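Undergrad: If you want the building blocks of each chain, they are given just below.
Number of protein chains: 2
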Amino acid sequence: MPNYALAMTSRVVVIGGDAAGMSVAAGVRRRLPDTDEVIVLERGTWTSYSACGIPYWVAGDVESPEALVARTPEEHRRNGIDVRLGVEAVAIDPARRTVSVTDGDPVAYDRLVFATGAEPVRPDLPGIGGDGIHGVQSLDDGQAILDELERDPRRVVVVGSGYIGLEMAEACVLRGFDTTVIEKAETVMPIIEASLGDQVAEAMRARGIQLRAGVGVTGFTLDDAGRVTAVETDDGAMPADLVILGLGVTARSAMAGSAGLPLGPKGGIVVDDRQRVEGFADIWAAGDCVATLDRVTGELVHLPLGTHANKQGMVAADSIAADLLGEEPRLSFPGVVQTAITKFCSLEISRTGLGEQQARDAGFDPVVVSIETTTVAGYMPHAGTMTVLMVADRRTRRLLGAQIVGEEDAALRIDVAATALAGGLTVDDIVMLDLAYAPPFSSVWSPIQVAARAAVKALVG
Amino acid sequence: MPNYALAMTSRVVVIGGDAAGMSVAAGVRRRLPDTDEVIVLERGTWTSYSACGIPYWVAGDVESPEALVARTPEEHRRNGIDVRLGVEAVAIDPARRTVSVTDGDPVAYDRLVFATGAEPVRPDLPGIGGDGIHGVQSLDDGQAILDELERDPRRVVVVGSGYIGLEMAEACVLRGFDTTVIEKAETVMPIIEASLGDQVAEAMRARGIQLRAGVGVTGFTLDDAGRVTAVETDDGAMPADLVILGLGVTARSAMAGSAGLPLGPKGGIVVDDRQRVEGFADIWAAGDCVATLDRVTGELVHLPLGTHANKQGMVAADSIAADLLGEEPRLSFPGVVQTAITKFCSLEISRTGLGEQQARDAGFDPVVVSIETTTVAGYMPHAGTMTVLMVADRRTRRLLGAQIVGEEDAALRIDVAATALAGGLTVDDIVMLDLAYAPPFSSVWSPIQVAARAAVKALVG
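Protein sequences appear in the order of chains A and B.
Taking our numbering, the leading residue of the first sequence gets 38, the next gets one more, and so forth.
Taking our numbering, the leading residue of the second sequence gets 38, the next gets one more, and so forth.
Pulled out of the complex, with its shape left as it was, chain A reads as follows:
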């Protein structure tokens, strides 16, 4: 197929101006001649911001939303990207290669990128639309919650105990508000095993966050003005002047679905390893709106995180530029291993790979071990404690996953396990890794290796 685009000016249109979208736009811009156009349609007013920083802004650790912005629209424009703010795409026509927008003529494209992000889950419960009920996804959400806190709510209720929910709960408690977390499951933080979740629950109570676990939300009581006054649960009503939804997010992909693009878990757009949408040669997608390959299971998952968005944006940009320039693409996205980390109350928490049930669901025969150790050499004055849980495959002895809960300097060690997963290492390999050792940093056996040794022992038994 001759590459007609080579002979003429091309136009790349990106829908969405956050991490993934701007990363595609910037990457394409660097590679294409100046005569080509790179247009970003952003319905909001911000570009390239760190949604992950919102809890720290709300807590007061970060002064302003501007600090969370890696690059402003103006900076992107100076780099030759046509950033159009306040322009919401409402439909695409893949046959005609146009994007319809709320205000103005349809925008034609040669290559299109979906970078529409994710949206907070808002379960279809009575009263969910009331004032004072907020998800946490955009800087505007962050500002809305800060405005609510200015009104000095007597009681804040966070629904859900995923890491965003917990980070927001801590921010509210740090600012002196009466804060309760409601979690449907019996243990908090569903991304880690229940045994570790108990440590998190204990840390929450110590920090003064009230926890109602095993309680399902059934609706919201609103006053005459339509403002929330209580959260209704299967254990009775709980007064609330501000509700923060921490129930996770789903891909913002309704428009993509309407145009016939394939959707996977939680609405994530299905793409190949160049971030090109399956079945649509002119359309790419990246970031929180896509489904992603899990490298351990080979299955698709939805894992909305800035770190994936940036990488996928880089890969999509490379693929689009290569496509337009008639070159071979250099990059591909190998997928993720479900790494996550957070600091919460007195604890650091991280995980990577599969938990026990995930491993069983994926057809592995997992062995699971859990060890306690010190964060640094036990005789050092600042030695803290930490727990490492490790999951390994009985047949191949390969690492399947690891989880950490511990004091300062505990959680980032998960990166060793994340790297080991990418390298397909066995627990035996991990025991023999040459990891950094000096008393202020580690015991002579690094915590991940202490867990790997326990796994080796369990595999013998």
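FYI, nobody ran anything at the bench for these hints, they're computed from the structure.
Computed from a predicted model, the values in this text were never measured in an experiment.
We put the CB at the ideal spot given by N, CA and C, even for glycine.
Derived coverage of chain B by chain A (criterion: at least 3 residues anywhere in the stretch with Cβ under 8 Å from a Cβ of chain A; other residues may be distant):
1) 80-94
2) 377-383
3) 415-428
4) 446-453
5) 475-486
Facing chain A, from chain B, some residues (calculated, C-beta under 7 Å):
6) Asp-98
7) Gly-343
8) Ala-457
9) Leu-472
Since chain A is already given, all that's left is putting chain B on it; use the hints.
TA: This is chain B only, laid out in the frame that chain A set:
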């Protein structure tokens, strides 16, 4: 060959009771029947101690040498190990399978283990034998230096700027002593590249440690009582009441060499991947006295570190037990990647794999990049700065090494590179790793990935 040992009581003799030796003894003890003997000959009075902790003991962070002892002789004895303190082995007779000791009859063995450790380099300079000139290797060395500091020396001079030398220099300055480091090379800390060494030199000066780089030591002036009064250098004499030698160590292997055991770099005993001495079916060696395989170059190196000693001890124990029990050994030691880490003054410093010159010497065509980034998301209040240097192979694109100098929370990230080296990852693979990201821990691109991206860019150019 029939395994006669199966039919009778066996005796395993270990020379040396520190990390490697006691790790072999404990491992063998767990596997062998009670009727077999496990004997450890230790010339000193301590077992299983952390020599790496000595600088923190001298600095006052650790209260007593007992805190550095992981397991006392009495604890080992309770586990069925015959620990003989104050017994120095002086020769072995591999044909008769005996060890001669300073005091008493020769000790017969069925299987022998060298775990004799290392000894500080003491160059053959005039006056080197004077009082007040100390290496740093054993707890007794630590005590000797503490005793010297009790005498309130006016001036402490540390010769050599390896990490032990620098850690000791900092300990002395923290205790208020006038401290100077003399380094023969133009830059400090030879295990890192000169560009990073300059940052270390700056941190030293900021902490009040005087540095004389590019100065060679030619001897020591002693007073009539044989006590050091000055260090003589090619730049004149420098007054000194206490001299600490930080010139590295060599394997303590003269006895092994005399018995015909093969010796490699810095006198390290040459062993196979089960820690069995090449050519000696009944003799194993582990820890600071052995030569070790570098996994990146395939060459032998001498890398005396507690972390290797423990692993090698475990492997040797498995091999000896398997040998005596007529089983297949389960473990092998894959070698090291030269990982090292230290905290020094305001800096954290770490390295793994090969530096630029090491890479050239090993026949690689290295590309070297160096980047500056923040330790955590730049907008977080505790964000520090750090430098990552990365070495990659131009032909295979494989990671060859990495080095880090930075503020708090910088250095331990070297573990990602150490794990990547073990897994044979390319810099492209590293860019796509799913490493932990949350604002209090990392930027959206982890520092190791920022360096890997720079390496990828350099490989294109």
